[in-house]
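Novice: Sequence:
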Amino acid sequence: MGNAVQTEAVELRVAEFAALRRTISARGTARMVIAPVTTAVWAILTLVLFLLGQLPLATLLPLTVLVGGFEAIHALHVGAERIGRYIQVHYEAAADGPRWETAAMTVGPSLPGGGIDPLFSAVFIGAALINAATAFDPPPTWQELAIVLAAHAAFVVRVTRARRAASRQRAVELESFKALLSRDGER
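For the sequence shown, position 5 (counting from the first letter as 1) is numbered 5 according to my numbering, and the numbering increases by one without interruption.
Just so you know, these hints were derived from the structure itself, not from any lab. All C-beta atoms in this analysis are idealised placements derived from N, C-alpha and C, irrespective of residue type, glycine included. A couple of the hints might just be wrong.
Restraint-style ranges between C-beta atoms, simulated for each label pair [to be verified]:
no., residue 1, residue 2, range
1, Ala154, Ala40, 17 to 25 Å
2, Ala43, Thr160, 18 to 26 Å
3, Ser25, Pro138, 46 to 54 Å
4, Phe17, Leu145, 52 to 60 Å
5, Gln6, Val33, 12 to 20 Å
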């Protein structure tokens with residue numbers, strides 16, 4: 001009976017690890033698809049509205065495409081990172097266990113230029129600035145301009161804050177999962 005329970009526990013851990021790794025992979029792939037699709041839809045919509053539209057407030061429509069795409073990418077990234085820290089704490093503690101998350105966390109910050117931007121922040125901020133610029137033709141009223149610029153500025157602030165939080169997420173959540181494991185071990 002004891003061996004059966006032990007075997008089942010090992011099988012469960014193996015299955016959980018595999019499912020978590022697949023989830024990280026799927027979320028990474030989804031981010032890589034969502035970014036260019038969002039950019040393409042935004043660009044087409046912006047071009048059409050710029051060429052045919054006469055309302056500066058129409059720039060808010062392509063902005064919502066950018067917001068939706070960014071929030072999807074952000075949610076996928078944050079979730080994948082959280083799963084990665086869980087794997088790191090629960091599966092990579094043993095010297096002979098998997099080490100990908102630990103290695104990635106160690107190597108990533110030392111890359112030239114600080115590594116990659118998993119949130120595509122520069123792309124989204126650049127697109128938002130281009131999008132805001134299209135509101136100036138035809139010249140907007142000051143009320144329209146205030147609304148357009150406030151909405152775009154809010155998005156740029158959101159992207160910047162999310163990027164800053166994402167840069168700290170690994171270390172913060174690694175410590176949180178370690179503390180949780182330690183607390184669970186004391187019970």
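Novice: Going back to the hint list, which numbers does this structure go against?
Specialist: 5
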